[in-house]
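Student: Residue 1 is where the sequence shown starts when you use full-length UniProt numbering, and the numbers rise one by one after that.
Incorrect hints may appear among the rest.
[As the list claims (entries may be wrong)] Derived lysine-lysine pairs resembling BS3-like cross-links, with alpha carbons at most 30 Å apart: (1) Lys116 with Lys205; (2) Lys121 with Lys205; (3) Lys121 with Lys202.
Because the hints were derived from the structure by calculation, they are not lab data.
Quick caveat, the model's predicted, so the values are computed rather than measured.
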Amino acid sequence: MAIQLLDLPSEILAIIFRMLRGEGLNTTLMVSSTWKDIAEPVAYEFARLKLLKRNRANEPWNMPAKSLELLQTHVQHLAILTPSYSVRDEVHPDDNFASRTMSDRYAWLCEALLPKLLRLKSFSIRRGPAQPATSLHWIGLSPAGNDQYLRITMDKLLPVLRSLSTLQYLDFLGLDLRPKDIDTSGAHPSECCCGQLSMLMKRVKTFYLRLPYICTNIFSAFQNDTASGSSYLQDCVINTSMGLGDDLVIEHATGCSSSMGPNKTVNPAYLQTEAQEKVKRMPHIERLRIVYHTYPLGNTQAYDAVKDKHFRVSEQNWTEVGKEIKDDQASDSELFDDVDVFDSDDNT
């Protein structure tokens, strides 16, 4: 059977290896040198990279040179995983596990990795999966607060966005960052990322965003464009709700101080109005949504500016199609499914 497979055209073998990706493709790499040449690029098309690992030898910057070279050569879809709640409970500033700050890790990402990923088509940052309870070494929260230790400031995100703007083939961008990921206290006006994000939004096909700071500059790249083809955007979801499971540090995104002044909660209705206006300047747009939560129950809803309709979506899976709201009879139990926010097969 193996000999017969070796006789198949490389294009057919590549299709087979893609089907095997979830069934131990890395083992396939060791079967034969002929298979390896075809399977290796397939194996490295998709990558999930944890920014924080328990084993210091497996930290991203300790990646074997060969693995890093393969990643740089072949990766097309990269997901950066930030620490989950369970990992955060392990981290302590005095622990070797936390030998480098999260700011250091983002700096490594935008300086040493992203500029070299010339084939990258999709990029996302989101929380990683929770660790099994049996693997945790509970130490509790330090007086200084390990969440504070693991946050970055907005100025550390800007270089990442600038690195992404240089990637020629990028057509998917998904960022899901909340107050436990980014420090929302005392941001300087110059740290507004919305202008940079708007330019990225304009050039990609799919754009999913949840960020503690957001303002109407998020649509600034669409101010004057009327020519068809000026924007490639097809699917856009902007979430202003920080999530009921994030300790309610803030409930809705805070408006960037450069445009709204300090500590002003962004008004989802205002963003909806902006979306209604800018959708006319997006010739290929199929979905443009503003996600928010309502009071007092915290139901998560999405306004679609393309269809001019409201939809019920789950708190965790806010990029889903959802259910059109014609009345308010939907069950609250539908809102809190524990699913991956960017779950779309292996495309992230």
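Student: Would you mind marking each hint as holding or not holding in the structure?
Tutor: Here is what the structure says about each hint:
no.: 1; hint: Lys116 with Lys205; result: holds (22 Å)
no.: 2; hint: Lys121 with Lys205; result: holds (10 Å)
no.: 3; hint: Lys121 with Lys202; result: holds (15 Å)
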